[in-house]
Structures are given as structure tokens and as C-alpha cells.
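Participant: With these hints in hand, go ahead and build the complete structure from the sequences.
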Amino acid sequence: MASASAVQATPSPSAASPAPSFTERPWVRRAGALLLLVVLVVAPLVLPQFANETLARVGVFAVAVLGLNVVMGYTGQVSLGQIFFLGLGAYVTAYGVQHDWNVVVVFLLACVVPAVAGLVVALAAARLGGLAIAMVTIALPIVGVPLAKRLGDVTGGSQGISARMGGAPEGSGLYNDQWTLYVVLVIGGIVFLLTRSLVRGKFGRAFAIVKGNEHVASSMGISPYRYKVLAFTIASLIGGVSGFLYMYVIQYTSPETMSFGHSIQLLAAMVIGGAGSIVGSILGGAYYVLVPQLTNEIDASLTALLQGAILLAVLFVLPGGLASLLRAVTRGRRRSGAGNGAAAPSTTPPSTAGSAPAAGEPETERHGHA
Amino acid sequence: MNTHLRSRRALGLAVASALALALPACAEGGGGGSRSSGEASPGITDDSVTLGITTPLSGTTAGPGTCTVAGVKAYFGKKNADGGIEFGDGKTRKVEIEALDDTYDPQKAKANYDQLKNDVFAMTAGLGTPTNRAWREAAIADEVPQALIMTGDPLFSDTDESPMQLGFVPIYQNEGEAFGKLLAGSSQDHKVAILSQNDDFGEGYVEGFKSAVEDADNIEIVKELTYEATDTSVDAQITELSSTGADVIFNAMSVTPLTIAALQKAQQLNWKPSWFLPSNTSSPGAILQPGGATAYPGVYSVSFAKAPASPAFAQDEDVVEYLAALKQYGDYPEPPAFPHCQWSWMVGATLEQVFMKMEEPTRASFMEALRSVKDFEAPLMLPDTSVNTTEDGQPAVSTVVVQKYNGKGYDTVESFQ
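As they're listed, the protein sequences go chains A and B.
Quick note on numbering: the first sequence equals residues 1 to 370 in the working numbering.
Quick note on numbering: the second sequence equals residues 371 to 787 in the working numbering.
Mixed in with the good hints there might be a few duds.
[To be verified] One-sided and incomplete, this derived list gives chain A residues near chain B with beta-carbon spacing under 8 Å: (1) R57; (2) N296; (3) S301.
[Said to hold, decoys possible] Derived Cβ-Cβ restraints for the label pairs, each shown as a range: (4) A:A168 / B:E466: 31 to 37 Å; (5) A:L123 / B:A734: 53 to 59 Å; (6) A:L194 / B:K593: 52 to 58 Å; (7) A:A309 / B:E704: 24 to 30 Å; (8) A:M135 / B:N588: 51 to 57 Å; (9) A:V105 / B:P753: 56 to 62 Å; (10) A:E297 / B:S613: 52 to 58 Å; (11) B:A586 / A:I298: 52 to 58 Å; (12) A:L302 / B:Q558: 52 to 58 Å.
Quick caveat, the hints were computed from the structure, so don't treat them as lab data.
No residue lacks a Cβ here, since even glycine has one placed at the ideal position from N, Cα and C.
Facilitator: Right under this line is the structure:
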């Protein structure tokens, strides 16, 4: 696979260190996690306002891509409807905020309502196999947009609905952008940690078997149907969380939010970040937000063309997504027996700590394709 | 704001090395600005002022979106080449435009706004209701002007609700009302069938139309149907409406292919009413010709801008100057296919008026000046229309004239024939 060739091509750091599996030592991993935590706590305080706002948006879509990854990257079921759950979560949040509900209640509803909707859809859709699921899920954004327009009393119709929340509380001494980013980091961080445990535990193994071969799964006593429904429901729930965060950061939603095109863009972001990868979800979120900004900087009238070119370029060079590059780098370093002690924590982006590859990890972690 | 940024920078230097994660975004955000009273607002210096635009430059709405940038760019490009604009505070400034693509996605529009808000003096000219609504409240909170934007949504013209906003183009109600008045003034009796988009756009038009014909005895509304903006066909609605035998159809539709299909379908059914079409779906070249509009006794629309393609205006001074500037400064080589180019040119001219009245280089002074333009006949405006920003609840342009299709372009009409 491409990741294998990437391993050969990646130059390994020249500085040698005596410890071959430096990054796997428990204290190193703990120190890495601590360093990541410190960076995440300090970053919002020192970054310029626009960087904070951008990172918050990256967080929103990283969570959305993560949800898609659960159902698609890990369980292998094509879902084209993830944006619908984001939109649903955003609408629930907006409705709650407009009616002055407690923000915790709003958050819980933004999780539960999309999860229930996802469960209902999945109960029917998971009976189908392969591309039929894709066809069912494709209907969600297609139905969602006119539905949001029709239910004008609740959704504000095609003019959309605004809900401002997320102002920094009095006395915290924080600016709004800093506070918002902290909220995204905390909620997003919890979702990422929970999902990481999920896909690395017994459910993750079951997902992987369902993805690999449903008949094998059945013969092992794992019901593909049940696990597909479970994966889909979790993906919808995570989609709902991203919808809450969307409302927290962007403060406005309209039927346009859940248009079908955005669902495809989410899918592209997942593939580019790396399917079946936790880090890949963060990279996918970053791709979703940063590439349009980047292409806007180059030439605002050629954004679609440039984004297409970037998409093709990434897929040609890294079919396993951006996450496979990180994996190749760390693996290559390990193979050459050179874990550079001093450089390791700072050269590896903080986010890798979440999925620093360990030899015994499930297969899914290495199968970087949809 | 000042100290906030300064302390951030100092700390930022110390920990910059640890922040690989934020590198791509970091570089752009440093622009910062000060907003303390008395000082100049961000985006304005003694010799230049920068305006920001977020508008769809790719995707399905790219055509009109590109126009919203081209017109205003062309206008100020020409003014800059002539030396700049003399502001109300006596300084002559050049006007720079920074335009970003939002692909008609509210989320991206908000991101673009966040990117621009500390670098530009004011936001302007952007197209789209959801994309402008997405950052309306943020603009109010940040006190960034969102001036002369291209949406018919009345919310932006409500001074209490939207203190930092002002729409440029007529709101939907203005257009529907103008046609209603013309029809009510007709000497004959008319039966009207209404087909409207099931959203604020369609409702606005119908509301304006009904308010104008409410007291007219000669007008009877025989049937009202709606469709969804996402529908791919309105054949069923047209067929149902044709059975009423109405002689006028009020078609509040914003989707180009559907408008063409509706014009064709009625002909197939041999139903030949007079049509009313909104200003954004009445392009002679893009809609009426493929729709075979000459088969109907009359196709009416409303306008406030001279159509550069119309032979009547080929020698018009405004039009000649505008087309030349559009080519030279607006990066828009062909004659424009969308009226948004002309509107955007007028936005430029209106902003110039505002700048000339602005006594301090602050956003507050800009907003004050913005709401004081009265009866300004912007270049390219049709007779009997003008820019008037002093009326609460109305956009900058609220007067439109009704026009009738003549097979090539439009002629202004005084009465319904």
C-alpha cells in the first residue's frame, strides 16, 4: 500500500537516541499528554483572535468528521448524511437558546435528538448492505433542507435562525474568542477521548470485523446489524455534538448549513484526513476549514478549482489520507531505531498523542482507506 | 483591545515554538486593530480605506456573486486611477477592496467576516440572505458596518434590529407592490394566478403585491399555489393554474431553470397570460429567450438599473463609462449577464457619497453618513428611481419602475396594456 512506500521515502531524523521505542515508554507518553494539555490550555490565551476563531471552527468540523469516521472509517458503512445530524443538532441548540433553556439541557438535547433520529434511520438503513445504506443516508440532507424551510415556525425558514451564546462569563477575564475556543476544546476533547476508547475497545474490534467481513462477524457471534445500528447512532450523536458546537461558534444556522454539498465535503475531509483514524478526524476538520481560507488567500475567484486540485493532489500522494503521513513518519523513525528524544514532543503535532501508534493496536488504525 | 493584543503578542513570542498546531492561522490574525474613541477605526489611514466583501465566488451562485465584487471594484478602481476620493474630513483616500469567497455557505461567510473584521473599515456589497444573516449579530456586537449588502431581506433595513446594517437592493415587498400598483391602475378587469416560492422570498413578493391590489375592484386573485425552492419541476402547479383561465400570472420565483420551465410549460398548455417576474429572474438573455417569452402578451418585471445590453442605452454615457471600467478595473471582460454588476457599481457610487459626508475616520461617523444620503441619482439608475437611505425600514433603493419585455430588452411602462 501507499503507506508502505511512504515509509521508505520518509527521511528519518538524523539525531540518534539509544532508546528504540522511546515514544512507547509510559512516562514519555504521559509527559506527551501533559505537554499537549498545557499547550491546549495556553494556546487560546496567547493566540491572536482570528487564530482562536479559526481553531474553534476546526474543532467543530473535526468532531463532525469524527462522527463520520465512526460509521464509515471504522465500521465501513457509507454515510452521506452526516451533515444532517450536524444541522439537526444546530437547530435543536438554536431553538433551545432562543427559548432561554438551560445550556446544559440544550446540550443534552442536541446530543439526544440527533441520536434518536440516527437510531430510527439506522434501524431501517442497516438492514440494507453496501451502497444501499449510502442511498438511504443520501436522502437525509435532501429531505432535511426543504424540511427546515417548511417548518418555518421552529427553524426560522430559509432565513435561518441566530442564537448568540458563548460570551465569556463575567469575571473570567477572558475574551469571547478565548472562551469559545475553550468550550470547543473541552467538549471536543471529551468526545475525542470517549470515541478513542470506544474504537480501541471491544466495540472497536467488533466494528472492524463488521467492516472486514459481515459473515465472519456473524459466525463469531457479532451481529452486524446491531453493530451497524450502534455505529450509526453514535455517529449521529457525535454529529449532534458538532451541531451544538457549530451553533456555539458560528451562532447562526439555516437550511443551507445541511445542504448535500457540505455532506460530500465532510466526506472528502474524512478521506483526506484519514479514514479510520482519530488524528485523521482532526486533520480532516482542519482541511475542511483551512483549505477554503487558504484558497481564498491565493485567489478568491478560483477557490473551487484550487480546492479540487488540492484534493486530487492529496489523494494521489497519500491515498491513506494525511494521517498516514504521520503514521509513516513515526513508523519510519521507529524502524530506523532513532527516536529523537529532545525533538519528539515538539516536532510531532500535539494531536498525535491521541493515537501514537502502538504495535498491538487494532487493524483499523492502519487501514487508512474508506 | 490594544493591550489585549499587545500582551497576546508578548506571550505569543514566548510560546510560539510550542504552537505548531496553529501555524496556518496564526499568520493572518495578527492584523489587529484599535477601536478606542477618537482614534481612526481599523482599515482606514490618511491615504487609504479598505472595504471587505464576502460573497459567493464559486458554486451555483457564483455568477451574480462575482458581479457584486466586479462592479464595486470597477467603480473604485476608476476613482483610484483618477486620484482617489476626497472624504468629509478633507483627506483624499484611495479605496481598496478585499473580497473573499463564501460559496453561499453561512459558515464560510462568518469565517470570512472574522478574517476581515479587524483589517477592513466596513463590509459591503456581499450577496445572499443566509450568508449575510450569519454574521449580522456579530457585526452588531463588534460594531462593524455591514453596509449596502445585496439582499432583499427586510431585516437588514430595520434600524432598531440592525443598527450596523443597511440593505441596498429593494426588499421583496417593494417589487411586488410596484407591479400590483401598475395592475390596479389598469382600465380592465384582471384575474390573477399566483405562484410563489414557499419561503420569505415568495411571501415577501406576494405580501407586497396583495397590499397594492387590496382596494382595487378590477383585480381578482383566482388561485394561489406555492413550490419549494428545491423542487425540480413546477409543471403540476402551472397546469393547475392554467385551468383557472387567469390572464395574469404573478410568478414570485427565484430559481432560473424553473422560471424557464414555467414559461415553456404554459405555452405547451396553450395558456397565454401576462407574466410578472422578479428582478433576479427576468434576464432577457438567460431566461426570457430560452423560455420563449415572446409568445406571451406581456412579460413584466421591475428594475432600477439601466440594462447595458439594451440597445436603448448603448450610447448612454453612464453605460459606456461603466462597461469600460468593468473591463479595465473589475476583471470582468464580458458584458455582464447579471444585474448585480450594475447594482454593485451603484453601491460604489453610493459609498462615495457616504465617504464625502463622513467627517471623522471612524465607523460611527460612517454609519451616520450612511443614513444621510437623500435622493441621490446614482449612475446607471433609471429615471424616477433614486438612492435614499434616510427612511427607516426601507433599503437604500426602494423605488423601482415596472418594465415590459420587448423581445430584446425592457422598456419602462406607465400602465398595464
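Participant: Which earlier hints can't be squared with this structure?
Facilitator: Violated hints: none; all satisfied.
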